[in-house]
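From first to last, the protein sequence lines are chains A and B. The first sequence begins at 79 in the working numbering and counts up one residue at a time. The second sequence begins at 36 in the working numbering and counts up one residue at a time.
I should point out that these hints are in silico values taken from the structure, not numbers from a laboratory. Since this is a predicted model, take the numbers as computed values, not measurements. Heads up, the beta-carbon is just placed ideally off N, CA and C, and yes, glycines get one too. A couple of the hints might just be wrong.
Heads up, incomplete: computed chain B residues facing chain A, CB under 7 Å, no partners named [said to hold, decoys possible]:
{"#": "1", "residue": "W133"}
{"#": "2", "residue": "H137"}
{"#": "3", "residue": "A141"}
{"#": "4", "residue": "T169"}
{"#": "5", "residue": "A172"}
Per label pair, the in silico range of CB-to-CB distance [to be verified]:
{"#": "6", "chain 1": "B", "residue 1": "V101", "chain 2": "A", "residue 2": "I487", "range": "48 to 56 Å"}
{"#": "7", "chain 1": "A", "residue 1": "P513", "chain 2": "B", "residue 2": "D124", "range": "52 to 60 Å"}
{"#": "8", "chain 1": "B", "residue 1": "E184", "chain 2": "A", "residue 2": "R107", "range": "49 to 57 Å"}
{"#": "9", "chain 1": "A", "residue 1": "I487", "chain 2": "B", "residue 2": "D124", "range": "50 to 58 Å"}
{"#": "10", "chain 1": "B", "residue 1": "A172", "chain 2": "A", "residue 2": "A531", "range": "26 to 34 Å"}
{"#": "11", "chain 1": "B", "residue 1": "G156", "chain 2": "A", "residue 2": "A412", "range": "53 to 61 Å"}
{"#": "12", "chain 1": "B", "residue 1": "V101", "chain 2": "A", "residue 2": "G569", "range": "54 to 62 Å"}
{"#": "13", "chain 1": "A", "residue 1": "G569", "chain 2": "B", "residue 2": "A172", "range": "46 to 54 Å"}
{"#": "14", "chain 1": "B", "residue 1": "G161", "chain 2": "A", "residue 2": "L465", "range": "36 to 44 Å"}
Listed below are the residues making up each chain.
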Amino acid sequence: MTKPEVAGADADDRPAASKEAGSDTGWLRLSPRSLVVRPLTDLARLLPLLAGIFILHSRTGSSLIWGVVASVVAIVTGLVHWVTTRYRITDERVYVRRGLLSTKLLSVARDRIRTVDVTAHLLHRVLGVCRVSIGTGRNDYRSGESFHLDGLTRADAESLRGLLLAGQPVRGGEEPDPAEQRPDQAASAASTASAAAAEQGSEIAALRLSWLRFAPLTLTGLVVLGVLFGSVIQISNATNGNLARSGPVRLIVAEFAALDIVQRILVGAAVAVVGYVLIALIGYIAVYWNFRLAEFGVGTVRVTRGLLSVRATTISLSRLRGVEISEPLLLRAARGARCIAITTGLHVGRGAEHEGSVLLPPAPREVATEVTATLLGVPVELCSGPLTRHGPAALRRRYFRALTSAAVIVAVIGVATWARSGPLWVPIASLALLPVAGFVAVDRYRNLGHRLAGGWLVTRTGSFARRRSIIGTDAIIGWRIHQTWFQRRQGLMTLTATTAAGQQHYSLRDVPVAEGLAVAAQATGDLIRPFQMV
Amino acid sequence: MATDRTAEALLPGLRVPGNRVSRRAISYWTARAVLSGGTIVLAVVIGAAASGFSAAWTAAIAATAVAAAAHALIMPRWRYRVHRWEVTDQALYTRSGWFSVHWRIAPISRIQTIDSHRSFGERLFGLANVTATTASAAGPVRIHGLDRELADTLLDQLAVATGQAPGDAT
């Protein structure tokens, strides 16, 4: 792809853009220190493989050659990356040029920049560099087209961020008042090494140690566990070692085999729980250490967090289209919640804690509602108050769905038991699924709701993962209505607001037809009214 | 035309989009239903042949054939009654589906790209579909089963209309 890629540009911007991009003045390079970062990062990724090669070939001596080859390749790619990557900031646009054989020129209009995300992993921090990602309104990122600069010095990154977000009209170019600077948590050694922690701005929320109690209640721990397990397997494979045959593992297996069945279950469960809690705590600390959400100049907020790899996301409030308050079942039971930004230019979805859209880690629900209310400038009541329920027909649908799926499972278990002449208590025990399904149905119905107030549409759905989304009605760029044959008989429909931000669509499920149409008409009056019958 | 049977509102309170799709769409949908239904019936027949046409398998063939035939007869006509579209100065408004019905409303000012696509089958029947995308990944509006010339006209009309709308459409 040799032609210039113009990301999110208007057609009439283009002539000016290519003219500016053609000139050779004002292009900047990454920090020379990235020459060290890049090869080392590449080598670190290859480390398990290299370790395996060293151990396998330690007798033949060919290991040295492989090591040298890998290092040379890593150094050369690092050098090429540094030489070919350049960036340039003009009054209107930002350009990034990279690539050796196929040159790629990315450009974005500065007024389209939604977010600036600065991250630094361990190696970055040792060398004092970081990675800057620029979030634009595009949702169709292909690989190699994301807008990032890997290997800027901290000072350059800070000035770049200041420059890019200062260009936003809402900010007005004012510098934040240094008097507002909050004394940093002196106890934390990590903050001294972090480029992001020592920042100005009035604080909206910061991590409290008591929040750690929420760590085991989300799936973040499971993700960490998966990663750990994966790397153990990888190392074990690469080194051609067999973990199951190593001394300590054999000892544990032998001890475990000596126990009777009840003891085995108890020991197994205890080990699993303790291990999970520990790993969840480690995961929470690694991702959210030094978490701080603060105002950063006028109309901009910044989220900083991370222990080893530090992340600072700056979000322009004028681009913040809403906030999602999500409460997975366990977190909800402990009266906790977390917040995710609904904005164009940041990805939402699975593994959201690894993306830049986190506004608040798992924390007490009151904190979540307060943060949401502060950021959006809405009354707290909108973020926690009661919603309009969807009525008895919606409740019947919840019951019908939950009970039929439970009944199917019970029937399958019953048939399987009968076919294999299994014990009678199994199908009888499976009947317990029915009341459970009933509870789930009621809970789902209670959580289902919507509200429209002051230019904000609030929707809430879910049971195992309850989410309340608050989106600005001016962010709604279209409506979808879906009605199945069954919904039609019950006078219900599913109304979906489409938007360019966050999950792209937010639904009011099984809302009564008249109510749904009234909401749509009130939210975006001019759009839907011409198609309504009175 | 406003009072014919296809103008059923389906959703009380929301009026019916003004235009029907091409009548040839019925033949196109029928052809597609016959093809896919035929494939399923064929698969069942092969299964039956492999196990020597037992009574149960013969019944299965009959049931599948009846279901496929019913689908090919009912679905296209039902679909034709549901599928409608309309373009105003402000918005693109469509209704589609058959058993389940979808309505979509996209403001012209938020439309980012408009394209027309003709699959091989659609070309055989002189049809085309028009898709309008918005900045939302969840928001494309598609009109199926349009007459080819009409699709081209609509494409131009929408292109002019969206070109005139100011803003960055997010």
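Hints and how they fare:
no., hint, verdict
1, W133, "9 Å, violated"
2, H137, "5 Å, holds"
3, A141, "4 Å, holds"
4, T169, "5 Å, holds"
5, A172, "4 Å, holds"
6, B:V101 - A:I487: 48 to 56 Å, "31 Å, violated"
7, A:P513 - B:D124: 52 to 60 Å, "55 Å, holds"
8, B:E184 - A:R107: 49 to 57 Å, "55 Å, holds"
9, A:I487 - B:D124: 50 to 58 Å, "53 Å, holds"
10, B:A172 - A:A531: 26 to 34 Å, "27 Å, holds"
11, B:G156 - A:A412: 53 to 61 Å, "55 Å, holds"
12, B:V101 - A:G569: 54 to 62 Å, "32 Å, violated"
13, A:G569 - B:A172: 46 to 54 Å, "30 Å, violated"
14, B:G161 - A:L465: 36 to 44 Å, "50 Å, violated"
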